[in-house]
Amino acid sequence: MSSGSQQAVRSYQTIGAHAQVAAADPYRLVQLLLAKLLERLAAARGHMERREIARKGEQVSKAIEVLSALDASINMEQGGEIAANLRGLYGYMSVRLARANADDDPAGIEEVAALVRNIKDGWDGIDPAVQAAAAAGATAVP
38 MSSGSQQAVR
48 SYQTIGAHAQ
58 VAAADPYRLV
68 QLLLAKLLER
78 LAAARGHMER
88 REIARKGEQV
98 SKAIEVLSAL
108 DASINMEQGG
118 EIAANLRGLY
128 GYMSVRLARA
138 NADDDPAGIE
148 EVAALVRNIK
158 DGWDGIDPAV
168 QAAAAAGATA
178 VP
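Using our numbering, you'd call the opening residue of the sequence shown number 38 and step up by one each time.
There may be inaccurate statements among the hints.
[What the hints assert, rightly or not] Result set (EDC-like, lysine to aspartate or glutamate): computed pairs, CA atoms no more than 20 Å apart in a straight line:
#1 LYS73 / ASP140
#2 LYS99 / GLU76
#3 LYS73 / GLU147
What the hints contain is simulated information worked out from the structure, not anything from laboratory work.
Make the full structure from the sequences, and use the hints.
Structure, rendered in structure tokens:
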């Protein structure tokens, strides 16, 4: 594929991602963020295995940015203990990723990926009717 074609594909993907975000309710936004986080972690691990240090660091930084966005989406007033636990978990994952990056530790990245998969599985399991009702009455994600 030519570099012009590759750029066109990347532009199309970016437009598609922006369209998904613009049309998404709060639950869908969290799903998208969790999926993006898993992508970033997989990319970081691949770069780590190939000894592409700069690219690994970029992907770890982007993963930490996604964790920050997820943390910012937490509604502490409505979320109660679950929100507090998520906040603590997101903080732990950020520190764990930074340490895994510094130590070149693939196990650290995999640990965080496993935690994210567990969160995503739970999030994906929320009944769509519950999501719709909460989204209709909520101003922020719990």
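Verification of the hints:
1. LYS73 / ASP140: Violated. LYS73 to ASP140 sits at ~23 Å, over the 20 Å cutoff.
2. LYS99 / GLU76: holds (10 Å)
3. LYS73 / GLU147: holds (15 Å)
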